[in-house]
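A.B. asks: Let chain V serve as the given structure and place chains W, H and C on it in line with the hints.
4 protein chains.
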Amino acid sequence: MAEETLIHADEVAKHNTRDSCWVILYGQVWDVTDFLPEHPGGANIILKLAGKDATEEYDPVHPPGTLEENLAPSKRLGPIDPKSLPEPVKPAQNIGPEPDESRPAPLSSLLNLDEIEAAATKKISRKGWAYYYSAADDYASKHLNNTVYRSILLRPRVFIDCTRCDQSTTFLGNKLELPIYVSPAAMARLAHPDGEWGIAQACKSFGTMQIISNNASMTPEQIVKDAGPDQIFGWQLYVQTERKKSEDYLARINKLDAIKFICLTLDAPVPGKREEDERSKYINEDHDSVIKDAGGSKLEGGGGIGQSLFFGTDPSLTWKETLPWLKKHTNKPIILKGLQTHEDAYIAAQHAPQIKGIILSNHGGRALDTAPPSVHTLLEIRKYCPEVFSKIDVVIDGGIKRGTDVVKALCLGAKAVGIGRGALFGLGAGGIEGVERVLEILRDETATCMRLLGVERVDQLGMQHVNTRAAERDIYDGPGNLGQKAGEGEGSYGNYGLWLKSKM
Amino acid sequence: MAEETLIHADEVAKHNTRDSCWVILYGQVWDVTDFLPEHPGGANIILKLAGKDATEEYDPVHPPGTLEENLAPSKRLGPIDPKSLPEPVKPAQNIGPEPDESRPAPLSSLLNLDEIEAAATKKISRKGWAYYYSAADDYASKHLNNTVYRSILLRPRVFIDCTRCDQSTTFLGNKLELPIYVSPAAMARLAHPDGEWGIAQACKSFGTMQIISNNASMTPEQIVKDAGPDQIFGWQLYVQTERKKSEDYLARINKLDAIKFICLTLDAPVPGKREEDERSKYINEDHDSVIKDAGGSKLEGGGGIGQSLFFGTDPSLTWKETLPWLKKHTNKPIILKGLQTHEDAYIAAQHAPQIKGIILSNHGGRALDTAPPSVHTLLEIRKYCPEVFSKIDVVIDGGIKRGTDVVKALCLGAKAVGIGRGALFGLGAGGIEGVERVLEILRDETATCMRLLGVERVDQLGMQHVNTRAAERDIYDGPGNLGQKAGEGEGSYGNYGLWLKSKM
Amino acid sequence: MAEETLIHADEVAKHNTRDSCWVILYGQVWDVTDFLPEHPGGANIILKLAGKDATEEYDPVHPPGTLEENLAPSKRLGPIDPKSLPEPVKPAQNIGPEPDESRPAPLSSLLNLDEIEAAATKKISRKGWAYYYSAADDYASKHLNNTVYRSILLRPRVFIDCTRCDQSTTFLGNKLELPIYVSPAAMARLAHPDGEWGIAQACKSFGTMQIISNNASMTPEQIVKDAGPDQIFGWQLYVQTERKKSEDYLARINKLDAIKFICLTLDAPVPGKREEDERSKYINEDHDSVIKDAGGSKLEGGGGIGQSLFFGTDPSLTWKETLPWLKKHTNKPIILKGLQTHEDAYIAAQHAPQIKGIILSNHGGRALDTAPPSVHTLLEIRKYCPEVFSKIDVVIDGGIKRGTDVVKALCLGAKAVGIGRGALFGLGAGGIEGVERVLEILRDETATCMRLLGVERVDQLGMQHVNTRAAERDIYDGPGNLGQKAGEGEGSYGNYGLWLKSKM
Amino acid sequence: MAEETLIHADEVAKHNTRDSCWVILYGQVWDVTDFLPEHPGGANIILKLAGKDATEEYDPVHPPGTLEENLAPSKRLGPIDPKSLPEPVKPAQNIGPEPDESRPAPLSSLLNLDEIEAAATKKISRKGWAYYYSAADDYASKHLNNTVYRSILLRPRVFIDCTRCDQSTTFLGNKLELPIYVSPAAMARLAHPDGEWGIAQACKSFGTMQIISNNASMTPEQIVKDAGPDQIFGWQLYVQTERKKSEDYLARINKLDAIKFICLTLDAPVPGKREEDERSKYINEDHDSVIKDAGGSKLEGGGGIGQSLFFGTDPSLTWKETLPWLKKHTNKPIILKGLQTHEDAYIAAQHAPQIKGIILSNHGGRALDTAPPSVHTLLEIRKYCPEVFSKIDVVIDGGIKRGTDVVKALCLGAKAVGIGRGALFGLGAGGIEGVERVLEILRDETATCMRLLGVERVDQLGMQHVNTRAAERDIYDGPGNLGQKAGEGEGSYGNYGLWLKSKM
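Chains as they are written, first to last, in numbering that gives the first Met the number 0: chain V, 0 to 503; chain W, 0 to 503; chain H, 0 to 503; chain C, 0 to 503.
Next comes chain V alone, as it looks inside the complex:
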C-alpha cells in the first residue's frame, strides 16, 4: 500500500460548513458532508467540530467499528499532517451551570420556566417584578399551587405505540392546538413594550387561547388587531360599582369577533394582601419629603399596583343579580373564574347553559393565602359531584411549571390549563419570542409526558395515569366529620345539600 499524502490542518479547517464538512478522527481526515443528515446525534453536534480534530469528542461515545459501518472507505481522504495540528488545550473542568454570565443567555438555552423567570427578573423593573411575583401573605397558596403537582405521581404504561401525539383540546367548542392557554394577567407592558399584543402574537403561533385581562395595559382592540383567522380570545370582566362603565365596556367587547367569551372573575372581590407589591412603593423614593411637599395626607400602609387596580371593583356580586345583568349586556358565552370549592362548582353547573364553563383558580395565590390549590378543587369535584364535568367545561390555572403538571391536570378532568406568570415572565425575558419559548417548552414537555404515558390524545388521559394519594389525603372531607350537624343529603352531593341551598 502506497504511502498516503499528509493533509494539512489548514486545509481541513476550510471545510467547516454544511456544504463541505470534514473532520479528523484517529489521525485520518473524513468527509462527512453526506453523512450529516443521518447522524443519530444530529448534524449540529458534528458541525460544531467541522474542520477540526473530533477524536477526543468522538472516541468515548462510539464503540469501535462505528466509522466503518457508517462511512464508505472513499470518504476517508487521508492522514492528517500531525505537525500541522495546534497544541491541545485542556478545557478547565467545572461542575454546575454556565460560569460566564456577562452575556445574556439565548432564549433557546433557557430550558424551563424557572430559568425563564430568572432571566426576566434580571431584565424587568423592580415594580413590575414585585407585581408579577407577589402573592398573598406568606405565599402559602402560591407555593402549594406548585408543590401539589409534585406530590402527584405519574403512571407510565409501556409497550404502546407512541409515535403520534395530538395535544389538541376544545374549550366552549373552540379548538385549541395546545391544552395550555394564557390566563388573564394584568399590566403586561411592565414586562416588555410588546405587552398583551405580544402575548397574542405568541398564542397565534401555537394555536392557543388568551384571556385578556380587564386591567390590560393595552386596549382589547390593540391586543386582537393582528389575530389569526381562528385565534381564540376571552375577555375578563371585573364588574365596576359604577355599572355603566362595565356596560359600556361590554358593548365595546361585543363588537370584537375574536373575543369568544366573557370571563367573569370572582376570586378577588376585594384585593388580597400582596406585601412584595406593597413594599415596592417604598423603594427608590424619598417618601417623607415627597408627601410633605405635596401637602397631602399621610401615606397609608399598603397600596402597590395590585390594590390600585381594585379601585371601583364591585364586591357585591351575587348569583341571583349579577348573572342576569351580565346576560343582558352580552351575547357572548359566559364563564366564571375563581371557583375554589366543589360547592361553587356544583352551583355553577346548575346554572348551565347560562354558564358554559368555569376556571378553577385561587388567583395565583394572590387573593386569599392558604386557599386551596385548584388541584384540590378538581379532586373535590371528582369526589363529591363528578357530574359537573359533563355539564360545563372545566379548566384550571395556578402553579403550572412543567409539562407533567399540564398532563396531571388533564388526567384529573381539566380540559386545559392556564399560565399567568409564565407568560408575563416569558414576555419579560424576550418579548414575543420569550412567550413563544415558554409555550414551546411546555408543549414539548407535555408531548414527552404523554408519549411516555403511552397516550396519544388528550381525551385518553385519565385517573389511571396518576397516583394522587398524597393529595387526596389532604382534600376537604366535609363539615360533618367533626361532629357538626349537617343537612340531609341529596344525590351524589351528600350532606352538603342543605347548606348549599341556603347559600344560593
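To be clear, the hints were calculated from the coordinates, so they are not data collected in a lab.
Model, not experiment: these values are computed from the prediction.
Errors might be hidden in some of the hints.
Remember, identical chains collapse to one label, so a pair may be satisfied in a single copy or spanning two.
[Said to hold, decoys possible] The calculated lysine to aspartate or glutamate pairs, modelled on EDC-like cross-linking and capped at a C-alpha distance of 20 angstroms, are: (1) Lys382 with Asp473; (2) Lys121 with Glu3; (3) Lys121 with Glu55; (4) Lys244 with Glu67; (5) Lys122 with Asp58; (6) Lys382 with Asp137; (7) Lys327 with Glu246; (8) Lys82 with Glu10; (9) Lys382 with Asp476; (10) Lys319 with Glu455; (11) Lys319 with Asp160; (12) Lys254 with Asp225; (13) Lys122 with Glu55; (14) Lys47 with Glu277; (15) Lys243 with Glu37.
C.D. replies: The following block gives chains W, H and C in isolation, referenced to the frame of chain V:
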C-alpha cells in the same frame, strides 16, 4: 392648528400639591387637580409625581385612551419645553427589601407581625427580648402553635356580596369590636415605657379587650386609669402560696369596675424551662467576680426573668378547693386559662355557671414543650365533647400571626383569639402606636379574609370554611387505641368518662 | 422635713455582700440585707447589683409601690450623692448566645444535653468524638431515635396539686431514685481520665443505676470500688467465641455484689458500619508510609474503634443454647439488651422467669441503620402483645435528650430509660461533675414535665398523657397486610404466631 | 530486684515490622511480635505504632490488667530510656472529614457510594458527569428512587445464629454470587478508558451479572472477551425504526454465548428531558460563532448526549407486534425492562414463558419525572397481583446506595437489584478497581444487614423483615377511588381488569 407655546419645567414644578397638581405625560402638561379624588389608584400615587414628568410611571400601566377618557381636553395645558427637562436618571434595579436600613422604617411600612417583631428586636434590650421571645426547651410547641394554622386550608366561597364586614364578637356578654384581644403578658415596660397602660390605650382605639397580667410592670390601677367608658379588662390571677397576698390583691381588683372578670391561670403551676431567658442572665456581666465578691452561694443553673416571677406561686390548686376559695373572694365572673385537653375543657364546662369561660392555651409554648397547640384542643373538643361550646365561652391564644389565623380559630369555635408576644413586640416597635399598628394589621387581614370567604359576620364562620384534615390526623385519639383498658362510656364523652371521674 | 445628708457612692460600694447589702433605687440608698431571702427573684439577682445603682434593672420589672410594700421606711438610708456616681455605660445590645467564647463556660451555664455535647466535642480527642458520635451508615436510626420523641405530643392536665414529685422507679426489684440510668457505653476514658468510675460516682449522687460495658476502659472492680451501699450496677456481656474467656469473666463478676444482674447484648452480633469512626483512623497520620514501613498487608477499608471491639465476639448465639449456658455460669438475674421487634419481646417474655427484663434498643443507631427506634418497639408491644409488660421489666434507650423524652417513654410503658452518649459527653465536658450536670438537667426537666402533666409518681404516667398518633401511623403493621400468607393466630399475638414458632 | 538497663528509643524504632514488632507502653518496652495475629483490634493498629511509644493510644481504650493477661512476662524487654524519647507533639484537634484534600484519597478510604460519586465527579469530564448525573426535569423521581428506601424500616431479629451469610441468588436460572448486578448503562468510556469491559472485569471478580447497554461505548465482543467461564451477561435492545439494523445486531449477539438473555427496554420510547445533560453542550464553547461559521440552522434547545442516543429508536413497539418479531430473531430468553405499574407487570406475566423476567425501573429517573420508584411498583404487584412473582423473575433498579437498600428490595420480592450510576461512578473513580470497590462496599453492607436481621440466605428475606407503612400509604390505590367508573373485577386483579384488557 396654531403652534402652541412650550411650558417650562420650572413652571410645572411649582404645581405639586393637592391644590394645584400638574403632571407631564407624553410631552404634554396636564392639570389633574380635579381628577385627584377620582383616580382608581388613589391620589397619593399621582401626588408623588406632581410637578414632574410622569410618563415612565404612567405608560406601562395604562392602556391608550385612558387619558382622553378621564380628562377633558381643556385640562391639557400645552406641550412641555423638552430642553427644560432634567436628564433622566435610571434608578438602579434591585430585588428584595429596602436596601437603606440606616433610618428606622415608619410603622406604616411594617406590613406584618414578623416585621413588627424584627423592628422591636432591634430596639429593646437583650433581656427583654429574651423574656418575650423565649419558649420551653426546643420551641416545639411555640413553633407548632404557628404552623398548625398554616396546615389548615381556607375554603373561599364566591358570588356572595361581601360589601359589609362586621368583626364584632362577645365574651362573657361583653361586646368586642374585634375578635382579637390582648393576652396577659408580663413585664411590658421591658419593651417600652408606655408599658401595659400603653397596650390599654391601643385596645381602647380598637374597642377590644386586654387581660392584665398578674406580673404586670404597672399596677392595675395605672393600667386602667385612662380606660374608655366601655373598655373591657380582665385580670389574671396566679394564686400565691401565701393566700393572704392573693386575697388582698383580689380585694383591690374588686374595686376596679373596668375589670370585668378574673382569669385564673392554670397552665403554669411551676415554671417551664426557657433557656433563652435563663441564658440572658449570663450576658454582659462578669459573673464569677460578682458572685465571689458577694460572698454568696454558687449560682444555680436556670433563673431568668421567667423563673423569678414564679416565686411564691402555689402549685397545689385543685378543682375542689381553689374554686370555692376564689368565689369567696371575688364577685366578678371567673374564667380559666391554660386548658390543653378536651377532658379539662369538659370538666370546666361541668362547672358552669361557676366558670363562665375558658382560654385554651399552652402558655405560648412557654410552659411544657411538645404540649399541643390550642387548635388541637379546639378540634378535640369538637370531636369528643362539642357541648362545651354551648355551655361556656371558649377563646384561644398562641401562634396568631395573620388574619387568616384569626379566622381559622373562629371557624373552629373560638369566640375570639388572644395575642401576647404580638402586643409586646408592637409596644417595643413603637409604644402605643406600635400596638395599634399590630391591631390594625390583624384587623385588616381579618376583614380581607372574611370578605374573600364570602362571610359578613363572625357567627357565620364555621367548619365549612376550613379544611382541617392535616391537623385532624394528628389530634389525640384516646388512650384505648393501643389496647389499654378504658373506662365505660357516657354520652358523647365516650370511654374517657371513668378516667375523668377518677381525676376530678 | 430636714434636708438629708447625701451618701457617697464609694460608701454604698462597700456594702456588696450577703452580710450587708445596699442598693441605690431612684436616687435613694436602701439597705436590703434582711430582704435578701424573701426576694421573689432570689437573692443572687440582688447580690449581683449590691453596692450599685440598680434602678435600670429594677424599674421595668416592678410595678410602682413594690418597694414600699416590701421594705420598712427605716431601710431607706438616704439620698445618693449624684455627683459621686460613675457615668453610665450603655451595654452594647446583641441578640444571640454569649459572644465571648474564649473562656470555657461553667457547667451550670450548659442548659441542655446539646450544649453538653458541644462543650465535650471541643475538649475530647477526634478519635474519641468519632467513636461516641458515630452511628451506622447515614445516621437514619440515630436521628429517628430522637425525632420520634418530638413527634409525640404531651397532654398536660390542669388544676391538679403538683407540689410533690417522686421520680423513683424500680428495676428487677431494685429501687432507683431516678427513672434515668446509664447504658453500657464503652471506652469512657477516651472522654476523661475519670472514666467509667467517674460515671459510677455521678450515679451514686443521683441514686441511679449504671450498666458496665463489656468493653469498659476500666476493670469492673475499679468501677464499683467506691460504690454506695445501695448502688446498683449491671454488667454487660458480649459472649466470646472462646467461651472460656466469657466464663472466666462471669466468675469474676459473680464475686462483685454491687453488680445485680447480667445484661446479655444481642443487638450487635456483628459490628455495624460506623463511617465516622472508621474515618478517624485516616486522620492525622501519614498512612502510606507508616504501613509500608511496617511491611504489612494493605489496610482494609473499615476498622475504627467500633470494629476492633468486636474481635472475638460470638455471632452464633441462640435462645436454645446460649441461655442455658449463661444460666450455668451466673447466679445473677439475666436481662436481654437490643430487642427491636415485638416478636422478640414476646419470646423473651415467654422465657420469664429465666429472663427478668429486656432493654429495647437499636444500639444507639450504631448497629443497623434504619432499624426502628425503641419507641416503635414499645408501641408494637402495646399493640400486639401488651402482656409482656406484666411478665418482665421493660426499659429502653436511644435518643433521650430531654426530660419530656424520659416522661414519654415512661407513659408508653418503660420502667426507666438509659442514656449512653449523654453520659459520655457529660464526662467529656467535665468528668464526674459533667455527668452529674447531665443527670441534674434530665432530673429537673423530668420533674418539670411530670408536674405540668399533673402527675406525682412515675406509675401514674400512662397513655392518656401522650398523643402518639404520628408515631403510631408508622409502626409495623404485620407481614400480612400486603397479601402475604400469614400463620394462624393465637391470642393477642394474632397471625404472627406460626412464624414466631418457626423461628424459636 | 536489680536495676534494669534502659533501652534507647533508637533501638526500639528498628523493630517496626511484622517480623519484629516492639512497642513502648507505660515506660516499658514490649515485644508484641507473636501477639500481632491475636490482637482483637487487628495487627495493623499495632503495626502503625510499631517501634514507638504507644501509651497515649493504648491507655484510654484498655482496662488495667490487659497487658498482663495477654503477654508473658518475658515479653517485657525492659524500661525505655526516657531521655531518648522525642518531645511529644500534640496533634491539632479537628472535627470533620480529612482536611488535606490535595492527594486523591485511596479507594479503600472511600466508604460509601456517595464518596465514590464525589471522587468520580472530580475526575471525569463535565460532559460525562452531566450525562451520568442528569435525570428528567426536576430530579423528583431520581430523588424518590433513593428516599423511598430511607422510608422503609428494617426489623432486626435477635438471638439467631448469624455466623454464615450466603448472598447468592438466581436470575433466569443462572446463579449470581451477589444479589447486585450492573444495569445497562451507556457510554462508560466517558468515565474511564476501561469502559464497559472494565465493568465486566469487576463483575467477574464478584461473580455477578452485567447487562450490556445497547449504547455501550465498546462492542459487545470487546466487553465479553475476557469473561470468566460462568460469567453472565445480558444484552439490552433498543429496537430501531430501521428494523434491519436491530436484526443484524441480534444476529451478532446470538453468536455470543456469554450473553444469556435479551433485555428489551421499554421505559424510554422517546427521550426524557435531562437538562443537566442538555446544558453541558453550552459549556466551554463559543456557540454563536461556531454555529454561524458552520452556516447552519440555529441550534434547537435540548440535545445532550441523552437525546443523541435516541436517534433512530422506534417508538411504536407493542405487545402484539414486537414480541413475535423479537422471538423470531433470537433464541435467547427475553426479559422486559422499564415496567412501572402493576398492570404492565401483570400483562408481562401473562406472556410467560415467552417472557422470562422483568426489570422494574423508571430508567434511573431519567425518562419521566415523577414516575414512581420501582419500590412502589413492587408494592403494587404485591398488593394487586402477587402471582406475578411466581410466574416470572422480578428484579429492580434505581436509587440503590446502601446494602440496606439491597436487602429491602429483596424482602419485597425482587430476586436482585441493579446499579447503574454506581458502576459508572466507580469506573470514574478508579477504573476496574473502582467498580470493584463499589461492589465490595455493597456486598459488605448487604452481609452486615442480613446478619443483623438474623438471616442467612436471600430466600429467607421477607415482608416480616421490613416495615413499609410510610411507602404503602403513597402507592397507587386504583382509579376507582374517586368516583370514576371502573371495569368489573376478575381474580385478585380487581376492577382494573377491563381497563387492562382494553389496553392489551
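A.B. asks: Determine for every hint whether it applies to the structure shown.
C.D. replies: Hints versus structure:
no. : hint               : in the structure
1   : Lys382 with Asp473 : both (13 angstroms within a copy, 18 angstroms between copies)
2   : Lys121 with Glu3   : neither (57 angstroms within a copy, 42 angstroms between copies)
3   : Lys121 with Glu55  : between (37 angstroms within a copy, 19 angstroms between copies)
4   : Lys244 with Glu67  : between (76 angstroms within a copy, 15 angstroms between copies)
5   : Lys122 with Asp58  : between (42 angstroms within a copy, 18 angstroms between copies)
6   : Lys382 with Asp137 : neither (29 angstroms within a copy, 30 angstroms between copies)
7   : Lys327 with Glu246 : within (10 angstroms within a copy, 69 angstroms between copies)
8   : Lys82 with Glu10   : within (13 angstroms within a copy, 60 angstroms between copies)
9   : Lys382 with Asp476 : both (10 angstroms within a copy, 14 angstroms between copies)
10  : Lys319 with Glu455 : between (43 angstroms within a copy, 18 angstroms between copies)
11  : Lys319 with Asp160 : between (51 angstroms within a copy, 11 angstroms between copies)
12  : Lys254 with Asp225 : within (16 angstroms within a copy, 64 angstroms between copies)
13  : Lys122 with Glu55  : between (39 angstroms within a copy, 16 angstroms between copies)
14  : Lys47 with Glu277  : between (49 angstroms within a copy, 15 angstroms between copies)
15  : Lys243 with Glu37  : between (65 angstroms within a copy, 16 angstroms between copies)
Of the numbered hints given earlier, the model fails hints 2 and 6; all others are met.
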